[in-house]
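K.L.:
Chains as they are written, first to last, in my numbering: chain A, 11 to 379; chain B, 11 to 379; chain C, 11 to 379; chain D, 11 to 379.
Rather than coming from a laboratory, the hints here were simulated on the basis of the structure. Take every hint as true, because none was put in to throw you off.
In silico EDC-like links for lysine to aspartate or glutamate, alpha-carbon gap of 16 angstroms or less:
no., chain 1, residue 1, chain 2, residue 2
1, D, K317, C, E145
2, C, K317, D, E145
3, A, K317, B, E145
4, B, K38, B, D160
4 protein chains.
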Amino acid sequence: MLSHRMKSRAPEYKRQKATLMTIPQKMKAIVKAERAPGLTLVEDYPVPHIGHGEVLIRVRAGSICGTDLHIYHWDDWAQHRLKPPFVVGHEIAGDVVQIAPDVDSVKVGDFVSLESHVVCNHCYYCRTGREYICENTRILGVDRDGGFADYISVPAQNAWKNPAGMPLHIAVIEENLGNAIHAVMSQDISAKFVLVTGCGPVGLMAINVAKAAGARAVFATDISRYRLEMAREMGADRVIDASSEDVVAIVRDLTYHEGVDVLLEMSGAPSAINQGFAALRGGGVASLLGLAPGPFTFDLNDNVIFKGVLVRGIVGRRLWETWYQARGLLEAGVLKLDPIVTHEFAMRDFDKAYETFISGKSGKIMLIP
Amino acid sequence: MLSHRMKSRAPEYKRQKATLMTIPQKMKAIVKAERAPGLTLVEDYPVPHIGHGEVLIRVRAGSICGTDLHIYHWDDWAQHRLKPPFVVGHEIAGDVVQIAPDVDSVKVGDFVSLESHVVCNHCYYCRTGREYICENTRILGVDRDGGFADYISVPAQNAWKNPAGMPLHIAVIEENLGNAIHAVMSQDISAKFVLVTGCGPVGLMAINVAKAAGARAVFATDISRYRLEMAREMGADRVIDASSEDVVAIVRDLTYHEGVDVLLEMSGAPSAINQGFAALRGGGVASLLGLAPGPFTFDLNDNVIFKGVLVRGIVGRRLWETWYQARGLLEAGVLKLDPIVTHEFAMRDFDKAYETFISGKSGKIMLIP
Amino acid sequence: MLSHRMKSRAPEYKRQKATLMTIPQKMKAIVKAERAPGLTLVEDYPVPHIGHGEVLIRVRAGSICGTDLHIYHWDDWAQHRLKPPFVVGHEIAGDVVQIAPDVDSVKVGDFVSLESHVVCNHCYYCRTGREYICENTRILGVDRDGGFADYISVPAQNAWKNPAGMPLHIAVIEENLGNAIHAVMSQDISAKFVLVTGCGPVGLMAINVAKAAGARAVFATDISRYRLEMAREMGADRVIDASSEDVVAIVRDLTYHEGVDVLLEMSGAPSAINQGFAALRGGGVASLLGLAPGPFTFDLNDNVIFKGVLVRGIVGRRLWETWYQARGLLEAGVLKLDPIVTHEFAMRDFDKAYETFISGKSGKIMLIP
Amino acid sequence: MLSHRMKSRAPEYKRQKATLMTIPQKMKAIVKAERAPGLTLVEDYPVPHIGHGEVLIRVRAGSICGTDLHIYHWDDWAQHRLKPPFVVGHEIAGDVVQIAPDVDSVKVGDFVSLESHVVCNHCYYCRTGREYICENTRILGVDRDGGFADYISVPAQNAWKNPAGMPLHIAVIEENLGNAIHAVMSQDISAKFVLVTGCGPVGLMAINVAKAAGARAVFATDISRYRLEMAREMGADRVIDASSEDVVAIVRDLTYHEGVDVLLEMSGAPSAINQGFAALRGGGVASLLGLAPGPFTFDLNDNVIFKGVLVRGIVGRRLWETWYQARGLLEAGVLKLDPIVTHEFAMRDFDKAYETFISGKSGKIMLIP
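Please construct the entire structure, taking both the sequences and the accompanying hints into account.
P.N.:
Now the structure itself:
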């Protein structure tokens, strides 16, 4: 861990001699090696070969996401979905060091962030602008080798070119920022009251995006003081501690007893979901991103039907609209994302990094190969 | 009861000498007289006076709706909402016989159907085109005197002028048809696979509206053979008996394993709701109108989030867009609603009418004063 | 039909004692007195009586709009539309001093801004949420007495209640701000490149609103240095002098040769309209508010069809969605409108005020009774 | 950058034995051979080889489109755009006879219709669901070899699989039908008054699609009796001869003086465009597909701004939403397209076919190799 709350960052990306470097045969990688909890640092994992339409990325940084914890803990979901061994990590920024001959969307030397969903381009969803629910999606670090390693190969379309000077701590969280942007941008936000339930990293970024889009006010709930403090830093007009405060009553007070226009559900906690819907005004919109632990008792009558509410399931990013929106917002300078990246570790210290993430006392955590 | 499955109808409305008639002081009315089950035929209920902006309607027909049963049975909802005594009935067609001096939207002699939601025109919802969730809504036959009577008074804007020659059995169900139109027209239907869960009258009309709008195919589920037969008559391409058939498997088969694009939930039955969502494709749209008996176990992850589904609560009618749409569809002649009105009773035989409705072996039931 | 059943109502309300001051019988008013250029200060114009559903406003300030110039100059449009004598002025803020007995949406003492379009509430447009194109619209200061006077009467729904502490120079321009909000909010703005052609007051406010909504960048064109300087002050990222610079080339440069996503046309100048469309990217959206002097040569093929562009005519304000949006944005504090009000005159000095407005060297000009 | 890491691929696929017949080396093709009017039947044109991701189609039928006339006549547009020699024809149906090894979306033996726009999949438009304005579009029979020939090669994604039993005269016009569907489906049609200006093939099909989608009524204008008769056959409720009748007055009469809700402009004739806008109601939607001969005098004030109209440029088909919609409508059996294909010629008689098309006394004309 290099810093607790990092202030200074590497100022600018210098063009590296990557293209001249010999690409090695072996590399270091953090690997889900066995059908059991934990991860393994492998020193001699093969550097991936690229196939048709693919590119090879030398990783500059990765960041840890909630999904990575499921893999780490080897929970039910992980046991059903995963087929070790594979390299973990899907939030990745790095440099293009090799491209297949048929690739022209990026070139060697480009500084890129990776879209983690490898989509098929052929199914109904891909063919109608809804690639985020592609029925053949393969996710980096889940269904194929990820990027907590020295190198990763991806289809060229998954390598999103950044400006050369983009700070690394922004580039590495761009994929995760995309989840927040997808959720926020799915309905009108300008001049609207917005409630964000759940201040994990995506919730925190959603607060910031909603403010940038001219929300009337953004309220945020969580049960962690640490998270609520971060929510304030990210721009929430009022943070509400759901463990001790009456969320619905406070929101009613703050909104002239109308309720919020928009609910951005980022927690997956049934209690928060119910509070969110109770705080939502008639005709409001709820964008749901947080995954509940499972089915739970829900009141469709009061939450949805009587109020004429619109509910939208949010998964992944709109490909590639969300990335273009991220570019626009970052270029405009209206996002204030620096506080969200709270820690940085060398990749080989991944155990400490995961422990910190598990502690709940962090924002995004960067890993540097 | 005049006919089982009526074929012939009064061919055309003859202009009556209503304007010359003396409006009596007393009238017959079906009244919720006490805080107890049942209804009472009152022979000398006062004919309502009209206030500013109101009109007086001489009722030609009413029809029975599910809400009327709650009132009849004096269930929980009824006990909390209602304040007897009041005249019941909110699906009404009749003739304008008197107008307040400031009314110019209708005139004496007009043949009208009534919008049952009396909205305030002043709240946020009314002022932003969402009168159907007006926070001050007062419903005919629920919150103020209804129309199972000789006369009813309503605000002029609630009297929707019909062509003079519109058949009475169509005019009387126009309000209820509006529920179906609201649900169907809230998303693209043309060229889409549509599933209607629940073949009560609104579900049946929704089938017909979806077909008129060029659906790719409409499938309908219910657990009543009688209803399923009506669904077929209303145009369903395939009816599915949810009591004996595997709804989800059949829908998958019928849709090349894709699922339907649109779910129109009209049953309020948790099992049907869950089947409907299971049969809905990724990126699909669910319009929910049926009210469940209460909260129930629902899987937001699988039903909404992972699939990127849009869910919309449907209540009432869009005022007045839905009525204009009804006019357009009726005028175009693309709806085939005759089979939906299966019974007709004299209003004084209301007990037999309600019994028939309760039996489940009916479509819409008309009451004639 | 007059009836004993109607409670009789006074057609006009008597001056109530509830008002805090004595309302005089006569007042000062700026009047279009004759079918000729110019305006007249009348010292003894009758204070208006209020009718059913109306309120009386004591004017605190008015502001001048382009429409007022047409009336002043008695141009073609004016000669065909206007029927002198009448009080001019439609951008008005003031205090409610009297309400009809049936009014409860505002009360005596409320500080209000006026919506200038008096709509009928009965036509198709009013009944389907599109009151801004009500076919019976009567405009304050055009079709009925306006508010450059001590008092003005309006339907209660046209009196929009402000927070008591809202600065007068903001309240008075709120109606005009609504034009800008209507134009800006009619498409997605967040993360988009926006071009505003024409930096009159509405264009200037549109720049500010687009910035508040998180535009990627806002570019603005005009041929007046004064206006361009104001555009910069209102937040434009780049101002372009269309009299000396190559608008299209510059916009292309600023947008990586893509063009802007959104065109907000505020000038009505054919050359600016054509530049705007040329600078608009494929699939872009053009919201047109500025009125051209008349028909002109326009290339629908290149401007609209080949590029798959969406064009939207903008008139008035969405009633009342736009006013709610204005409330939200003002409350959020994301607008910076102070620079737009550049001058203030006593109402009796209206000639100087109009001259200043005509000079083009002003933003909004306030008149104080 | 060439690399040992790339598995080498053959740049061009060898004729496979998997095909059911021997694919010849030479074929007959209708070729734009020189920079001059006319076309040439070439007997020994090389059968195209397929590249990566491509398929070879044995043509069963082609149909003639307006674009083909520009090529035939060698007009201004043609002279600037085209680079002879190349095979013409872009409305094509046929059988897949060969696929590249990496293709799995279609297989040998599939009966397909061709999408004529070969899009890049990489540009902003392709990456945001707007492939129809792809900035690198290459059109079959315009920018690369078309299909008035025995064989044509296309990218696999351009081969849309039909049911094996689809009639050939439907399959061959499916691409052109897509233009009509794109235009019609771009706004709500159910329960709406629709005006189609221009009854060429796309206009005729638009009439039929609008009827299938439950329009309130569809009116159609043209100046050819032949076309108007076809319009009636395709389902128009009223056809209007613009050469002798007052289009605007008639439409007003037919719509209770409201005007139509939707204008589908298919003629490109300035007079028809102006009539269409004049007949469009306030708040209406105009979808423009017909290309005018050039810029012309247009009244943005009256046509667009004052009426709050939405105008949409329509080009090509939404890829691939439009094709899915076509599939849905065709499968539902709600389209009645048989009358639209009026002639069939052997491909070698192309001169007669073009003459017939030029005469204006035809619908779609099929060419059979």
